[in-house]
Amino acid sequence: MSGPNTDYDPVEVTPLKAEEVEAAREAALAAIDAATSLEELKQARLDHAGDRSPLALANREIGALPPAARKEAGQRVGKARGAVTQALAARQKVLEAEHEARMLVEETVDVTLPTDRVPAGGRHPLTTGADYIADIFVAMGWEVAEGPLIEAEWLNFDALNLGPDHPARTMQDTFWTEPAENHVVLRTHTSPVQARTMLTREAPIYVVCPGRVFRTDEYDATHSPMFHQVEGLAIDTDISMANLKGTLDHFATQMFGEGIVTRFRPSYFPFTEPSAEVDLTCFVCRGAQVIDGVMCRTCKGEGWIEWGGCGIVNPRVLVACGVDPEKYSGFAFGMGIDRTLMFRTGLSDLRTLFEGDVRLTTAFGSEL
Amino acid sequence: MKAPLSWIKEYVDLPAELGIEEITERLTMLGLKLEAIETSGAGIEGPLVVGQVLTAEKEPQKNGKVINWCSVDVGDANGTGEPQGIVCGAHNFGPGDKVVVILPGGVLPGDFRISARKTYGHMSAGMICSARELGLGEEADGIIVLPADAPAPGTDAREVLGLGEEIIEFEINPDRAYALSMRGIARDAALGFDVPFHDPAQIDAPLADGSGYPVRLDDEGCDYFVTRVISGFDPTAPTPEFIKKRLAATGVRSISLAVDVSNYVMMELGQPTHCYDKAKLSGDIVVRRAQEGEKITTLDDVVRVLSEEDLLITDDSGPIGIAGVMGGASTEISETTTEIVVEAAHFDPTTVFRSQKRHKLPSEASKRFERGVDPLLPPAAAERVVELLVEHGGGQAVGVTEVGPTASPETRRPLTTITIPVDLPARIIGLDIDRATVVKSLELVGCDVTVSGESLTATVPTYRVDLTDPYDLVEEVARIVGYDKVPSVLPRRATGSGLTRAQQLRRRIGRALAGAGLVEVVDFPFVGEADFTSLGLPADDPRRNTVKLANPLSSEEPGYTTTLLPGLLKVAARNVSRGQDGVALFETATVAFPVDQAAPIYGVDRRPTTEELEKLLAAIPRQPLHLAVVLAGERTRGGWWGAAETASWADAIDVVRRLGSELGVPVEVASASRAPWHPGRCAVVSVDGVELGHAGELHPNVCKAFGLPARSAAVEIDLDLLISKVPATAAGPVFSTMPVAKEDVALTVPVDVTVAAVEAALREGAGELLETVRLFDVYEGDQVGEGKKSLAFALRFRAPDRTLKAEETAAARDAAVARAAELTGAVQR
Ligand SMILES: [Zn+2]
Numbered sequence: 001m002s003g004p005n006t007d008y009d010p011v012e013v014t015p016l017k018a019e020e021v022e023a024a025r026e027a028a029l030a031a032i033d034a035a036t037s038l039e040e041l042k043q044a045r046l047d048h049a050g051d052r053s054p055l056a057l058a059n060r061e062i063g064a065l066p067p068a069a070r071k072e073a074g075q076r077v078g079k080a081r082g083a084v085t086q087a088l089a090a091r092q093k094v095l096e097a098e099h100e101a102r103m104l105v106e107e108t109v110d111v112t113l114p115t116d117r118v119p120a121g122g123r124h125p126l127t128t129g130a131d132y133i134a135d136i137f138v139a140m141g142w143e144v145a146e147g148p149l150i151e152a153e154w155l156n157f158d159a160l161n162l163g164p165d166h167p168a169r170t171m172q173d174t175f176w177t178e179p180a181e182n183h184v185v186l187r188t189h190t191s192p193v194q195a196r197t198m199l200t201r202e203a204p205i206y207v208v209c210p211g212r213v214f215r216t217d218e219y220d221a222t223h224s225p226m227f228h229q230v231e232g233l234a235i236d237t238d239i240s241m242a243n244l245k246g247t248l249d250h251f252a253t254q255m256f257g258e259g260i261v262t263r264f265r266p267s268y269f270p271f272t273e274p275s276a277e278v279d280l281t282c283f284v285c286r287g288a289q290v291i292d293g294v295m296c297r298t299c300k301g302e303g304w305i306e307w308g309g310c311g312i313v314n315p316r317v318l319v320a321c322g323v324d325p326e327k328y329s330g331f332a333f334g335m336g337i338d339r340t341l342m343f344r345t346g347l348s349d350l351r352t353l354f355e356g357d358v359r360l361t362t363a364f365g366s367e368l
Numbered sequence: 001m002k003a004p005l006s007w008i009k010e011y012v013d014l015p016a017e018l019g020i021e022e023i024t025e026r027l028t029m030l031g032l033k034l035e036a037i038e039t040s041g042a043g044i045e046g047p048l049v050v051g052q053v054l055t056a057e058k059e060p061q062k063n064g065k066v067i068n069w070c071s072v073d074v075g076d077a078n079g080t081g082e083p084q085g086i087v088c089g090a091h092n093f094g095p096g097d098k099v100v101v102i103l104p105g106g107v108l109p110g111d112f113r114i115s116a117r118k119t120y121g122h123m124s125a126g127m128i129c130s131a132r133e134l135g136l137g138e139e140a141d142g143i144i145v146l147p148a149d150a151p152a153p154g155t156d157a158r159e160v161l162g163l164g165e166e167i168i169e170f171e172i173n174p175d176r177a178y179a180l181s182m183r184g185i186a187r188d189a190a191l192g193f194d195v196p197f198h199d200p201a202q203i204d205a206p207l208a209d210g211s212g213y214p215v216r217l218d219d220e221g222c223d224y225f226v227t228r229v230i231s232g233f234d235p236t237a238p239t240p241e242f243i244k245k246r247l248a249a250t251g252v253r254s255i256s257l258a259v260d261v262s263n264y265v266m267m268e269l270g271q272p273t274h275c276y277d278k279a280k281l282s283g284d285i286v287v288r289r290a291q292e293g294e295k296i297t298t299l300d301d302v303v304r305v306l307s308e309e310d311l312l313i314t315d316d317s318g319p320i321g322i323a324g325v326m327g328g329a330s331t332e333i334s335e336t337t338t339e340i341v342v343e344a345a346h347f348d349p350t351t352v353f354r355s356q357k358r359h360k361l362p363s364e365a366s367k368r369f370e371r372g373v374d375p376l377l378p379p380a381a382a383e384r385v386v387e388l389l390v391e392h393g394g395g396q397a398v399g400v401t402e403v404g405p406t407a408s409p410e411t412r413r414p415l416t417t418i419t420i421p422v423d424l425p426a427r428i429i430g431l432d433i434d435r436a437t438v439v440k441s442l443e444l445v446g447c448d449v450t451v452s453g454e455s456l457t458a459t460v461p462t463y464r465v466d467l468t469d470p471y472d473l474v475e476e477v478a479r480i481v482g483y484d485k486v487p488s489v490l491p492r493r494a495t496g497s498g499l500t501r502a503q504q505l506r507r508r509i510g511r512a513l514a515g516a517g518l519v520e521v522v523d524f525p526f527v528g529e530a531d532f533t534s535l536g537l538p539a540d541d542p543r544r545n546t547v548k549l550a551n552p553l554s555s556e557e558p559g560y561t562t563t564l565l566p567g568l569l570k571v572a573a574r575n576v577s578r579g580q581d582g583v584a585l586f587e588t589a590t591v592a593f594p595v596d597q598a599a600p601i602y603g604v605d606r607r608p609t610t611e612e613l614e615k616l617l618a619a620i621p622r623q624p625l626h627l628a629v630v631l632a633g634e635r636t637r638g639g640w641w642g643a644a645e646t647a648s649w650a651d652a653i654d655v656v657r658r659l660g661s662e663l664g665v666p667v668e669v670a671s672a673s674r675a676p677w678h679p680g681r682c683a684v685v686s687v688d689g690v691e692l693g694h695a696g697e698l699h700p701n702v703c704k705a706f707g708l709p710a711r712s713a714a715v716e717i718d719l720d721l722l723i724s725k726v727p728a729t730a731a732g733p734v735f736s737t738m739p740v741a742k743e744d745v746a747l748t749v750p751v752d753v754t755v756a757a758v759e760a761a762l763r764e765g766a767g768e769l770l771e772t773v774r775l776f777d778v779y780e781g782d783q784v785g786e787g788k789k790s791l792a793f794a795l796r797f798r799a800p801d802r803t804l805k806a807e808e809t810a811a812a813r814d815a816a817v818a819r820a821a822e823l824t825g826a827v828q829r
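From first to last, the protein sequence lines stand for chains U and G.
Quick note on full-length UniProt numbering: the first sequence kicks off at 1 and runs consecutively.
Quick note on full-length UniProt numbering: the second sequence kicks off at 1 and runs consecutively.
Since the hints were derived computationally from the structure, they do not count as laboratory data.
It should be emphasised that the depicted structure is a prediction, and the values quoted were computed from it without experimental measurement.
Every clue listed holds true.
In silico contact screen, one side only, chain G against chain U (beta carbon under 10 angstroms); selected entries:
# : residue
1 : P470
2 : L490
3 : I601
Here are the simulated lysine to any residue pairs, SDA-like style, with alpha carbons at most 25 angstroms apart:
#  : chain 1 : residue 1 : chain 2 : residue 2
4  : U       : K327      : G       : P470
5  : G       : K570      : G       : E529
6  : G       : K244      : G       : E38
7  : G       : K548      : U       : P225
8  : G       : K570      : U       : R351
9  : G       : K485      : U       : T253
10 : G       : K615      : U       : R201
11 : G       : K570      : U       : V118
12 : U       : K300      : G       : M29
13 : G       : K278      : G       : A205
14 : U       : K327      : G       : V604
15 : U       : K327      : G       : I418
C-beta: ideal position from N, C-alpha, C; glycine also.
Please put together the full structure from these sequences, using the hints given.
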């Protein structure tokens, strides 16, 4: 850096001449304008705004001027430098934007490339189906009850008014455990959970129990030695068949959509009296019996399909389970979850649910 | 239960305009469920006529068969009046016989179209029909030969054969025993349409005179026994056509007049009866229990060893029948029987049920007795049998004997009465049903009803043995008012508290596993020895001790499983064999461990006491909820990003760790040795020192045994235990926002020192400033020397309140290393 130069006539200092400053400014602006890349702009910055640039040199001379001349020269140089800085910044912004845009174009990928490094998992439709059903009831304030799959004979049969000599006992082909005198069975229905619930809770009771059951059935497209039921039980003062119908209609509509309701037909179950078979509006023809003039194959033109059984809890069951039949009445129902699921999803072979092919589960994802 | 509509209609005045569909629909809504409607002779079209055989020439054929070349008079049915030439292969007829002929243009069941065609050198124009060809039965012992008095040739044969009969098949529930008869079905049809009913049991049976066959009842299992005797019976008399037809329609095979009549009356009234050859009886009939070891040869020619619980019909020779189940062969009616003893009795339902089960002899008779037969029916049923036998088999009825308490009104059990509040049906059905409707409904089913104030007493007719409880009356009212009238009303809103925490956590576990790329499967719980051997379980492994099934589906798999792995490994192998390059499966299900205790059978007239209930529950096998995982083959796929990664022991352990972090439970991992895992690659996983289960690589032999890819990995843990360890509430973390200081250390340790041990030592030594420690590299090789490995850890330090100084961080690091050196012999590299 040079010190004050008292020997010079300040007006004679070339870099500070107005025309020189103007020329430097013009040259700078032209160079900035001409820069077409960030590299060229960097060079232009060095050349015209760097330490050795004409305007920087001129600025350095200002201190050497007599005080009277400093102000004017200072203003002139300052203005020019300001213009250059501004132009640089503006150009920088433009070039950066251009650069970024170009980069983004260059970085384009084929987004349709596969991305499935980790194959997808999923929950079994029977699990999600049971959850779906449970949630319908939980939303009504019911609770979900549970019980073991290997069960005491007394709870599976006797407590439910299925005494040892009841003809209906033979209707459920039971897996017995050894030795027989231990009186333990694989539960043939979810109904023992009814008994357990009444034995361990105070009324009012509103519980639903989805679960696994076993019968010595052949294994084919519509039968399986293991299948799933959902049991419902309501015990309260003044429970009626109308409440049962209301509950099942709601269940049907939530499960299969608006317009799907239930129909009762008299039936017989030892644990309920009166008992009813529950039919469901055919979810395929929606009860119309025909589709495009052809008989509906799903319901065989009936407009209804069998869904499950239900009834008013037999007071004998209430007594065995410690509920006062003078004070309370109740209803119970049971449906096959597997069957309900097959209705809902159109699966035609029950065995598909139990053979474990991952293509079944992954088709449903993790919710139903 | 099959019932020809015309038979039902004999006892009920159904309006003529009612179609079968309306009738069955109404009966279904009354509880007699329609199973199917069939029409006899369905599928027959075109000219089916009576023909009379004029000539039948036997013509032997080259193939050894002999055919009949017949000329058959079919009247004008063929349009010409000329005899019809027909080839027939049957030989049970001759000239003069009347037969059934289907003419060209006709169709037989199975869409068998008849046309004139050249066969055996003749132009055969039609066919002489057998019962089987007409779809009327399976017996094909030749063609149908009509009685001589059948209508003239050319008459439509449909009516003659009783074709076009509509037969209803009902599914009868076990409580509606009365509906196992035309009488019962007709009664419900009558009340369903509110039309008159004519009870076929309302017949004048002659009064008992003690001159039937002598009987003694030595057991309370029989409360009514009626015998009638017929003498001079013609054993060659054929069963009349109408009985044959009706039995065929109900699915009962025709055997002989006596047997057919007995079956006919059972179908008509619901009362089983039995006929004995009187000549073969010796001494009084005695009803008693069997003596242990006593034997009987039943009608099906099987020798049966009797139990002391079996109720028997006996004579001086010993047992001649198992009461209500099956008669004995020794007193069976034969072609020479001229003296018949007819039995109509009432037996204890449970006794019959047990005998039937014991001897595996379910019969039409036992089906009715075990469900409950009208106890007052025996005299009428016996009279009806006698009437039909005498009418069609000749002879005469010579005596009536009736014994048992039910025989006399004085000793008879009083009729059942049931008292209910009048409004009980309305309350339980949930429908406004007025008093008059309740009374009328109960009267329609045959009850005598008296109302006193707010209570109603119904006296139940003997044919409704199923009506015993107040709610039985409610059901009767409901079905008569109509189940379709039940309104749809949601119960008042329940006030449950939603899913339990365990239920929520189970769902969350399923979702977490699915989110980690695992697919849930559902499998059967049955196992056998071979499965345990494939798993390589030692002989004394407690998992081999299963709950055994008395009647397993397969004798190879007699146990209820103690581990989910065999099933899951088979499912994994199935997926691999179906072309999956990698499978990651999970299953959650309960397993069972036997408890050697008997579960009591309590009465049902009261709740078991708390102690009784505890005793019951303690006898049920322990059934914890397990989670099993198998990872086989590719864990990640190969692709443009790089090669596929094969599942390993580490993936299996990570599944458990992930679950732990999902549930906020710190999972501890330590090495273990347990089948079916690789002994050097198996981890025991625990929480708070409580063992949850194991994870790691499967033993190579196990992979081979199940047909799985090498290095397949698996997990099995007790989910109930894991869930029990989940904290009720998660504590919110406190973390510093001060800058982090990072230090890496590389330590050389003997190869058998575990990472967990070194990590624990580092943590302990570093003190409170240490935030995390993470292993980022493991090296074994020349540079660290034989028997050693180098572990590189990244340590992160942070103070709660200040920026750490370099010296502080270094001091903490050095302290960590020093502790690791002390505890594990680690040397910093
Ligand atoms: Zn339909």
